[in-house]
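For chain A, the structure is supplied; the task is to place chain B on it using the hints.
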Amino acid sequence: MTSTSIDFLLWVRGPGFAAAVVIFLVGMVWRLIEIFSLGRKPDLSLPRERGGASGMHTVFRRFLFPPGMLRRGPVAYLGGYIFHVGFGIVLLFFIPHIEMARGVVGFGWPGLPTPFVDLVAVITMVTLVVMLVSRLTDPVKRFISTFEDYLVWALTVLPLLTGYLAYHHLLLPYRTMLALHILAAELLLVAMPFTKLIHFVTLFPARWFNGDLFGHKGVAS
Amino acid sequence: MSASLERGIAVFKEVLDAPIASFFASCVHCGLCAEACQFYVDTGDPKYTPIHKLEPLKRLWKQEYTLVGRIAAVLGLSRPISDAELAEWSELVYDSCTLCGRCSMVCPVGNDIAYMVRKMREGMAVAGHAPQGLVLSTTRTIESGSPMGVSLDTVKAQIRHQEKETGERIPLDQADVDYLVLLSSMEVVNYPEYLGAVAKIFKQAGVTWTLSSEGFEATNAGIQIGVSDLAREIVQRVVDAAEKLKVRGVVSPECGHAYMALRWEGPNLIGRPYNFEVVHIVELLDRLRAEGRLRTRGKSSTPLTFHDPCQLVRRGGVIDQPRSVLRLVAADFRDVADRGVMNWCCGGGGGVSANDRAEHLRLAAFRQKKEQLDAAGVSTLVTACANCRVVMEEALEAYHMEHVQVLGLTELVAEHLDTEEVAA
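Going down the list, the sequences are from chains A and B.
Mapped onto this note's numbering, the consecutive letters of the first sequence carry residue numbers 1 to 221.
Mapped onto this note's numbering, the consecutive letters of the second sequence carry residue numbers 1 to 424.
Isolated chain A, as found in the complex (with noise of 0.2 Å):
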């Protein structure tokens, strides 16, 4: 069992990581180019100059909440807030990854106390389970929702379960454990180009198309 486990670890660590980093890397440029070779017609209408006004605002603006909209949707803004934010903490500036980035890339970065990105796991986990339960319950969310959105949410919420399971020794001896998370991460990073989570690329130029379509009427939207 002992050694079915390192052998298990041994390939997600090796074989199973440099395949879903190509996966990834390839998808991604794939995915892409399929999007921006649709092109775009340009448009003759003469513009109309307005500061703030552009795609470039826009990429930027959308950061923030519309005007009256926190209000209609407190789960999706504050929740989209805490996740995205928490799963990057634990991603970023957990010192094991920042080790492991150093192995992979040649460098490292300061990280976080170790007690403080367990309890900022912890939030992200439950803000996750959160979430889950609006889409499950909202009419909107449970109305628009397919497959796609619960296996996402599934690829997102397991690397923070494993790994915290696995640091904390639970369930599960560490080693398998510890296999299990790093193959759930290399899920994740298989599924981002082909499922929604090519978002955290693609928003950029759709926010900018956005900014653009109206920035030309002279509306920062």
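Think of the hints as simulated: they come from the structure by calculation, not from any bench.
Backbone N, C-alpha and C fix where the C-beta goes; we use that ideal spot for every residue, glycine too.
Incorrect hints may have been included.
As the list claims (entries may be wrong) - Listed next, the in silico DSSO-like pairs over lysine-lysine satisfying Cα-Cα at most 30 Å (straight line):
hint	chain 1	residue 1	chain 2	residue 2
1	B	K58	A	K41
2	B	K164	B	K246
3	B	K299	B	K164
4	B	K203	B	K246
5	B	K370	B	K299
6	B	K13	B	K62
7	B	K156	B	K244
8	B	K62	A	K41
9	B	K164	B	K244
10	B	K47	B	K58
11	A	K41	B	K13
12	B	K244	A	K41
Said to hold, decoys possible - Quick partial rundown of chain B residues pointing at chain A, CB under 8 Å, derived from the structure:
hint	residue
13	Y65
14	T66
15	Y115
16	R315
17	G316
18	D338
19	V341
This is chain B only, laid out in the frame that chain A set:
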């Protein structure tokens, strides 16, 4: 597959561009667009979630332009678009969307949903799934020059009537003037005073202008329905009239969609930029005000508020001008909370008012506007769009709020013109 469905799908493929692909790829199904849409907010029915209105177009994009979608289609995991499905979606695309673009302002990933609904309508119309009311408006515009069947004779009769009423001359087909003034049928039929108001204001401000017997209608049902070639023909009439009369500019009437059609869509429809400018009447009034050429006397003391026409403000960029002009003549202007680019639609834009089967939805979607009026505590509503005006007047009646008066901004300005100074 029927021939019309095949043609419709071909149009869907044609309208899919890089912005739409970025939008579809980015949607995370957060549901916030529904919270910005009055058709959802006022009915509580999740099928009116804006992004859901695009579902067939999104599936086609996946099937045609993404690797995973193509594989799914080959394996039979993704069903092809059918006539029955588009028939079901007709209500979502035409009845429950006024192209107001409020959802496009709030989407966290930046989807311009109104842009996509507008594009989707092009395929829907070709596939034969546009509502009958809108189809009739469009064919009437092509045949008679106006969506409501208003003929040149009707316009001439209103000219004579308004000349008598105001004592001002209303020029027809006069070349080498500053502006060609267009009308909307809604104005010719319901609010001909607009024409008299323009005559009085332009006289005082020293603006030379004319109407054209070859292009008097500004609205463009071809755009609302999504038939580009008819939309192009309707725009071309105005362009021909403007070029023939050698005017400096064309003045869009108090109609949001007419302005959008002429100012923003027109050059793209005819495939070249104009050699004249297009201004909305309120934009021009504000320019005259800033130049000191619009002199008013006295202000209305009636408490009033302003309804922002979506296509003029959020989708048109004429944002501050209506309020600057209104403040000239209104002493007790009470603004509402969701205003300017975040206004709520009257419920009847984007062709919804010409679509009989959408009547119940249009009236339901007025509730948001009613609440704004109640909150402002006023019984006078000023706007700058004849379509908004008619839609709101009808809705006010349905909501038993007949005491609320709806006014056009241009007429309000004309009522307060300082005519004595002109005489002096």
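Inset, instruction - Determine which of the earlier numbered hints do not hold for this structure and return their numbers in increasing order. - result: Going through the list in order, the structure violates no hint and respects every one.
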